[in-house]
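Chain A is already provided as a structure; the job is to place chain B on it using the hints.
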Amino acid sequence: MDAIGQTVKDYILETFLPGEDPRELTDSTPLITSGILDSLATLELVGFLERQYGIELQAHEVDQSRLGTLDSIARLVRAKLETQA
Amino acid sequence: MSVVAAARLGEARSAVDVYRDPVRLLGLTAQLGLALLLVRQFQLESRTLFHVAALAAVGFVVHALLPLRYRLPFFACLSLASVWVAFSVRDGMWLLAVGIALIGVCHLPVRFGIRIALLVAAGAALAALRARWLPLSAPWQPGVWPILGSMFMFRLALYLHALRHDERKPTVARTFAYFFMLPNVCFPLFPVVDYTTFARTHYDADPYTTYQTGITWIARGIVHLLLYRLVYAHVTGDPTQVADLGDLTQYVLSTFLLYLRISGQFHLIVGMLHLFGFRLPETHRLYYLASSFTDFWRRINIYWKDFMMKLVYYPSFFRLRRWGGTVALVGATLIVFVLTWLLHSYQWFWILGTFPVTRQDMLFWGVLGVLVLANALYEARHGRKRTLGKKRWSAALAVRTVGTFCTICVLWSLWSTESIAEWVAMWRAAARADARDVLLLAGLLGGGLAIAGRNWDAPALRRDATTPFYRQPAVRTTAMLLALLILGEPAVYDRLGASAAAVVASLQRNTLNPREEALRHKGYYEQLDAAPRFEAQLWQEDAKKPADFVPFGRTKVHHRSKDFLRSRLAPSTSITYLGKPFTTNRWAMRDRDYELAKPPNTVRVAMLGPSHVMGAGVGDGETFEAVLEARLNREGPGAPDRAYELLNFSGTNYSLPQEMTMLDERAFAFQPGIVVVTAYTRMRNPLAPHLAGVLRRQIPVPYAGLDSILRRGGADRRLPLRELAGRIRVLTDDIQAWTLRRIADECRRRGAVPVLIVLDNPGENYQQPAHAMRTAADAGFLVLDLHDVYGPGDQHPTLWATEWDHHPNAEGHRRIADRLFDEFRRNGVKLRLAGAAATPTPSADEP
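Heads up: the protein sequence lines correspond to chains A and B, in order.
Going by my numbering, the final residue of the first sequence carries number 87, and the count climbs one at a time with no gaps.
Going by my numbering, the final residue of the second sequence carries number 1376, and the count climbs one at a time with no gaps.
Bound-form chain A, shown alone:
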């Protein structure tokens, strides 16, 4: 897991899964289908990503293929950062 993935993981554990075993949350854990990220949590996560990395997400980018796992979130952030660079 790279730095982005780790940061997002820490945020999710701290914000949505306090007290849970960090080892349970892996790169491929389904975040949306398992109910960890519901619509509210997803929007909170979007706010966090925008603040943390200075990126701007569009409404159509809020979907399972981009935010469904830690891995896909990290890929989305990297792609956004590369576009902005």
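Among the hints, erroneous ones may be present.
[Said to hold, decoys possible] When the alpha-carbon atoms are kept at most 20 Å apart in a straight line, the in silico EDC-like pairs for lysine to aspartate or glutamate are as follows:
id, chain 1, residue 1, chain 2, residue 2
1, A, K82, B, E696
2, B, K834, A, E46
3, B, K834, B, D986
4, B, K698, A, E63
5, B, K1359, B, D1274
6, B, K834, A, E63
7, B, K1109, B, E1332
8, B, K1073, B, D620
9, A, K82, B, D695
10, A, K82, A, E46
Since the hints were derived computationally from the structure, they do not count as laboratory data.
This is chain B only, laid out in the frame that chain A set:
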């Protein structure tokens, strides 16, 4: 993993698995075969479902053996083939042509905005055709509309969204597969599958796991549908007959439980799609165990929730968030619920051709929206407890879950009643409770708390290395399917005792329950005001009605009157009803003309009854009364020296007292020698509404005996209509008995022979009107039971006037006439037909 990489992985896995592990494929096919047998054994949903499921089962095996690159085109072809399994060649071609035209507009080489405008214009043109706002009618059968609607009404929006935003552009095969998705032809209500998800999840995981999940969900869907049928046939009551707390509990609970039908259908659909590699999201996951209103919204129909999130909630939120998170949250949530309410009616529009807007709908979605919003705001402030893999029992969770369930049940009951006044009146019954009712409620709550306190839904993130054999999905699913199949065998369930056997047997019939049967019957004559309900079944019949159908009560031949009879036929009027000529004579009978004075040497028979005796659904001269008259005149007792005149005094939805009034006011003037009145399964239904209407309108009751029964029973005209009807309903047996005795007395006084025939519509769930038959026999009626006149049950649909109107057609009437002819000959002496055949003709029901 990218989609391409996932596809490659899938190809590699499937190529290896299929050929190295044919046993596994065989196991999957065997499970699918069992599921198919169950669909047939329990006649689940429609005949089309069985045919499409059979097509899917065969297609699955071929599909699984194909290389991955051929699978999607094969699935698209299979989906297109299913169109012709459900529809005629002509209708199928039209469905395909309209679909291709709509898809074509999405790909026109013009600006995106223009494509959207063209699609809106095409949609408006189709809507005008559907609602018959144009002088043209659609060149396809009404049954095509619901499927056409379900394929395109929401999917076009998602497809356009994908065209606009997705990196991968659709292929022809994927597009056809998406819009004409295989099981869609049997399900007008279909999950709103997202195009992007449809493309992304295709073979993105181990194929065998996906297939097995599909079969497990199909099995789960079957269980849901069987439970639904149990609730529908045996638990759901009539809100107008809720009398105490026990009835209320049963009714309120059952309205929400009826939703098992939708969850069952969605499991079948999504399960079938898994068989072709589409690993779509799990539908209706433990939705009865939602622990909050937001949780309920997330679980109950994830496809709808995702659709609204994608196209409405997130775009609204992103636009509104400049005013702050709370404003954006409130605004986006309210927009979602207002649109959900409107789109619910939009769905009905494509199914029924009308856009129902009812206060119940508005209240349901309004209250649910406010509850979800309040819950969302609370969660936004305080967070929501999430767990990873913990399933401990928690009292707080139990209370939250049971509270949510009860609230949704109450809301659902509001949504399901015919009017808000009826719903409010129903709740007054809660004040009447005995110890049994309280114990029942306490038991249900206690059981609910025990179940709901366990976190059944905690995500199992790290799977155990080995699962015991008996817990393998394939083993559990096979065992469940086999158990159901064995239970459904008459040789097995007959050993369970009469009551249990009757319940299991009832699960194998796809028929309307008594309440919907009564509503259907009412719908022949009146426009029903109640909002249609997806989880009920009546709307499927209504969807088959042509858009220009006019209920009989709104035709010019139906005349409402302000006297005790309340309605009668108009004299000397001709209309076309259900495509058949319907003419009344100068005496307002649905019959040929007769002189008032009886000709010499003539036997007159007065026929009294409801619409199936009147001949709704057959042309002039095709009613059993007309056919019987002709035959009696040809070969009846004493013919041709004696003439027979059968006079049809029947009317729509007549109750027994109305038959009596018609007899007094009209029929006796024609000097009948025989008077035939009709008993039938639903004969109690029209009585209370008729008499309640009479009393409420202060119309005098012209019979002292009847008036006395009503007074003694507390049927006071000042009572609210529902309560008044309820009191009269309790008196139904007494009123019918009094009416039959009076008819018999009056017939005797006038020298006529009273006859009671027992006659239903074909396919009616016959329940012997035993009380009426017994009373009639005691009063001196000749009772002729014709309930089996239509022959074996599988023949009944061929005897319906139309697919959706179950009055007998001309062949049905012919069978009734033949049977009555035999009965007249057999009972010639009792009917005082001098010259009756010396040797009675055996009746059809005698060996």
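Structure-based check of each hint:
1. Taking the CA atoms of K82 (chain A) and E696 (chain B), the gap is about 15 Å. The hint holds against a cut of 20 Å.
2. Under the criterion of a C-alpha separation no larger than 20 Å, the hint pairing K834 (chain B) with E46 (chain A) is consistent with the structure, at around 18 Å.
3. A threshold of 20 Å between alpha carbons decides the hint, and for K834 (chain B) with D986 (chain B) the separation of about 18 Å falls inside it, so the pair holds.
4. The suggested pairing of K698 (chain B) with E63 (chain A) holds, with an alpha-carbon distance near 17 Å, which does not exceed 20 Å.
5. Distance check on the hinted pair: K1359 (chain B) and D1274 (chain B) sit about 16 Å apart at the alpha-carbon level, within 20 Å; holds.
6. Taking the CA atoms of K834 (chain B) and E63 (chain A), the gap is near 17 Å; set against the 20 Å cutoff, the hint holds.
7. As the CA atoms of K1109 (chain B) and E1332 (chain B) are separated by approximately 15 Å, the hinted pair is consistent with the 20 Å bound.
8. Taking the CA atoms of K1073 (chain B) and D620 (chain B), the gap is near 14 Å; set against the 20 Å cutoff, the hint holds.
9. Between the alpha carbons of K82 (chain A) and D695 (chain B) the distance comes to roughly 16 Å, so the proposed pair stays at or under 20 Å and holds.
10. Distance hint between K82 (chain A) and E46 (chain A) is fulfilled; the C-alpha atoms sit about 18 Å from each other, no more than 20 Å.
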